[in-house]
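We have chain A; now place chain B onto it with these hints.
As you go down the protein sequences, you meet chains A and B in turn. Under the working numbering, the first residue of the first sequence is numbered 1, with each subsequent residue one higher. Under the working numbering, the first residue of the second sequence is numbered 1001, with each subsequent residue one higher.
In case anyone wonders, no lab produced these hints; they're calculated from the structure. Certain hints may be false.
[What the hints assert, rightly or not] Derived DSSO-like pairs: lysine-lysine, alpha-carbon spacing no greater than 27 Å straight-line:
#	chain 1	residue 1	chain 2	residue 2
1	B	Lys1544	A	Lys58
2	A	Lys65	B	Lys1376
3	A	Lys283	B	Lys1376
4	B	Lys1366	A	Lys52
5	B	Lys1592	A	Lys283
6	B	Lys1549	A	Lys52
7	A	Lys53	B	Lys1549
8	A	Lys65	B	Lys1590
9	A	Lys65	B	Lys1509
10	B	Lys1509	A	Lys58
11	B	Lys1366	A	Lys53
12	B	Lys1509	A	Lys153
13	A	Lys65	B	Lys1563
14	A	Lys58	B	Lys1563
15	A	Lys58	B	Lys1376
16	B	Lys1549	A	Lys283
17	A	Lys53	B	Lys1563
18	B	Lys1107	A	Lys53
19	B	Lys1549	A	Lys58
20	A	Lys52	B	Lys1544
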Amino acid sequence: MIHWYSIFSLVSAMICAPFLKGVIARTKAILSGRMGASVFQPYFDLWRIFQKKSVYSKTTSWIFKTGPVIYFVTILIALFFLPLGNLPAILQFQGDFIVLIYLLGLGRFFMVIAALDTGSSFEGMGASREVFFAFFAEIILFLCFITLSLLTKVLSLAEIHFILSDGLWLNTGVVLFLVVVALFVVFLIENSRIPFDDPNTHLELTMIHEVMILDHSGPELGLILYASQLKVWIFGLILLGIAVPFDPQVGVFNVVVVMAGMILLSLIVGVIESVTARLKLFKISQFLIGAMTISMLALILALGGR
Amino acid sequence: MSLLFFGLGLLIVSGIVSLFTSRYHRLSIIAGCSGTVVGCLMGLIPAINVLGGKEYMPVHFNWNMIYGSFSVGLDGLSAFFLLIILSVSLLAAIFGSRYLYQYVHEKKLGVSWFFFNILVFSMALVVIAQDSILFLIAWEIMSLSSFFLVTFDNKKEEVKKAGYIYFLATHLSTVFLLIFFLLLDHFTGSLQFTGTLPHLNLSLSNTNLLFLFGFIGFGIKAGFVPFHIWLPEAHPAAPSNVSAVMSGVMIKTGIYGLIRVLMLLGTPMIWWAWLIIIVGFLSGVLGVLFAIAQHDLKRLLAYHSVENIGIILLGMGLGLLGICYQSSSLMLLGFLGCLLHILNHAVFKSLLFLGAGSVLHATGVKEINRLGGLIKQMPITAAVFLIGAVAISGLPPLNGFISEFLIYLGAFKGTAGQNAEIILPALIIIIGLTTIGGLAALCFTKVVGCVFLGQSRSSEARAASETGYLMLLPMIILAGGCFVISLCSHQIIKWVVPIVTQITGLETKLALDITHNTADILSLVVWIFACFIGIVLVISFLRKSLIEKQEVDDLPTWGCGYKVSSPRFQYTASSFAQPLIKFFGVILRKQKHLEYQGVDLFPKKTSFKTHTKDVFMSAIYYPLFKSIKKVLSGFLWLQYGRIHLYVLYVALTIIGLLIWYIGLS
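This is chain A alone, in the form it adopts within the complex (with noise of 0.2 Å):
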């Protein structure tokens, strides 16, 4: 089914993502005690970004190039797969979930190429981390999905939001609780965020994204941090669709929460951010294997409770 009036939805999220960027960055700095920039400050940043000339490495290909703009349109295809409270995804079919993470598999298979096409050890050091800490939050993404189709019984993620009532809350909330957390492990992982990673740094301890990103400028660098701006929204909606039991018949209050809760979880990565540290490396595979294995009881339990 293709609904054009969700449209809005695509739109929005393109209005509203830097925003998120914005209102997490402000929390870190009145939590650290500086007034911080303006929530808008990422809007600005991308408008000098894209008037910026870039710079190019001798070494590289048109690989280097191509692949930010890859990145972008398989972020912005994803959000075609994606309902805003209760406007529908403007795509919705069964398995779109399974298109939605082999695209932004694709996008990483082409930030990660582009990443090597520099010849630098860095970025290929950050390359090499972020493919093995995505193997690990791909299989997580499709145990939840396994375990909401259990519960559910549809496979198109706009049905799986729609679903999802305070009923099935109040029945299998424990179930749902898991893959709650989760998701917000996938949602860190894949935005590059504390304590798996720190999107404002790219020194070696933190060698994952940023610093595959290293030689990027100009443009494909604002594409880049646009995308990434895109990603969080994504997995935010995501997130979301399922902590959030939504019910379809409401009307506009819906989207007036999704925004509230968009901004409230930006708000809660920011305190995570400014209270706790960045995992050494060789831990994130651990946490990530916690993680698996929350999604994993998730799974059990709901096998049981059928």
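Leaving out everything else, chain B in the frame of chain A:
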């Protein structure tokens, strides 16, 4: 049908012509190659006709032999495999006509062409044979001709070893199949290999026995874990056009055989589905894990064949589950995914092997850690290899995704369905596919990144140049195939569905309903892909116009202030894969060899090597064959190396058999 016979005949004739003209290189190549091309094109016409819905009557010749008859037929399943075999062989032959030319002064190319054409002929015969004796004969010709192709470069020690392992493996496969057919004849009195058996006199244990022998026999050929060890030896040893055919097509004859066995034995047991799913899971995950640990490009690709056979088995297992529990959507999606993945794997794997051959031809280097930066010297090869890499990683918008998506969809329908017993195997399938997908993406970012991107790591790689159009053309066609199969998938499944109903015995009307549903989903997926490609083009254009307005700097890669950069500073394939290899250390036993001679006034020359052995080879087969050798060396006194003694043995055996036979009757 006569067109097919004529095409196959042409294959043999051109092979023989090529063999006898091998003194005149060009003539021999032209004879061998053009014979294959025309023969394959002729054979493709009936195959396409059958897939389009036209029926052919089976052809039956009486054969004056004790067993068997020459009966061949072309039903949907045969036509499907025939299509894959002939089209990939055709492209590989065109590639080979230029690729093999580098050996022109060392080897007699006519011999290679002869065996290549015989291989194509025998593979075609394997999939159209309806009689088990004919099938076995074709199977044996296929094994032998491919053995001679593997040992083409027979002066190298590693090639000899590979040939030996391949010879053993493929004949073990034949032994199991021989027993399978003998048992089949014994239980049923029928030597018909296609169709379904009359179930009158086949007890449960006999069916199970037959299944096991068929599974192992065909499994060795297809490369299921733990029978996969011959693939990573034989595929790198063979010339690249041959590896493309062997890996892309020949191992699929094992899958073909297994499907025929399943059709022959009728309603499957539940444990068959479980066995196939578990073996599929192991083949898929272990195949890709071993692939990640390889440094040799062709060896890595060979392990990926094991991985993809695993995916094909997961689809087949899902379909069998559907048959066992009478779930028509599982049946259809499982077998659709399975068959489509057979086609897809044939396309992208032969593309990748040809690409690897192209790299090998240009540089002479197979080791990934010594390549790099080839995208500048070989832009077209790099682009088509990238397309193959994205496709084999199962990523959208290419064909690998479509078949995996169908299997995913079927398995998710299993978990969301009502039947509790399907959930667990469906879960294994989903987790298996996810694991394989993530690891395959890791592996191919490594390959593309380290072979084609960055700076060249060796002088050979720096000196490379783009290969000729005869080698590029087949790769471009295959790369186009990756797009076409994906973007027309909602049409293609409609042609594949009749084959699925033939395998599963599903009602046509029911099948059409589900197909309609699936085609609707796929058309949305295709719509998304079209959108994706469109937006990528638009944004690329915008980016370019944005950049053109400004001056763009061309500087070296940022080295954090360090100016003296060298290609050896780059991340290597080994270091890229290191976190994962360490994580799976239980399975991937990496061995390190350090030659450190200490430090005098200056550090002395130090070398460091790592390599990962196949745990099945070192832990199972090596000890096993060592002990077999120990036992058998007790019989060494029989071997004198004199022919007349061997003739005596043969005569004694025949007399012994005669006496036994008379005693029996």
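Structure-based check of all given hints:
{"no.": "1", "hint": "Lys1544(B) with Lys58(A)", "verdict": "holds, 18 Å"}
{"no.": "2", "hint": "Lys65(A) with Lys1376(B)", "verdict": "holds, 14 Å"}
{"no.": "3", "hint": "Lys283(A) with Lys1376(B)", "verdict": "violated, 39 Å"}
{"no.": "4", "hint": "Lys1366(B) with Lys52(A)", "verdict": "violated, 42 Å"}
{"no.": "5", "hint": "Lys1592(B) with Lys283(A)", "verdict": "holds, 25 Å"}
{"no.": "6", "hint": "Lys1549(B) with Lys52(A)", "verdict": "holds, 11 Å"}
{"no.": "7", "hint": "Lys53(A) with Lys1549(B)", "verdict": "holds, 9 Å"}
{"no.": "8", "hint": "Lys65(A) with Lys1590(B)", "verdict": "violated, 36 Å"}
{"no.": "9", "hint": "Lys65(A) with Lys1509(B)", "verdict": "violated, 50 Å"}
{"no.": "10", "hint": "Lys1509(B) with Lys58(A)", "verdict": "violated, 60 Å"}
{"no.": "11", "hint": "Lys1366(B) with Lys53(A)", "verdict": "violated, 39 Å"}
{"no.": "12", "hint": "Lys1509(B) with Lys153(A)", "verdict": "holds, 25 Å"}
{"no.": "13", "hint": "Lys65(A) with Lys1563(B)", "verdict": "holds, 24 Å"}
{"no.": "14", "hint": "Lys58(A) with Lys1563(B)", "verdict": "holds, 14 Å"}
{"no.": "15", "hint": "Lys58(A) with Lys1376(B)", "verdict": "holds, 11 Å"}
{"no.": "16", "hint": "Lys1549(B) with Lys283(A)", "verdict": "violated, 46 Å"}
{"no.": "17", "hint": "Lys53(A) with Lys1563(B)", "verdict": "holds, 23 Å"}
{"no.": "18", "hint": "Lys1107(B) with Lys53(A)", "verdict": "violated, 56 Å"}
{"no.": "19", "hint": "Lys1549(B) with Lys58(A)", "verdict": "holds, 20 Å"}
{"no.": "20", "hint": "Lys52(A) with Lys1544(B)", "verdict": "holds, 14 Å"}
Checked against the numbered hints given earlier, the structure breaks hints 3, 4, 8, 9, 10, 11, 16, 18 and satisfies all the rest.
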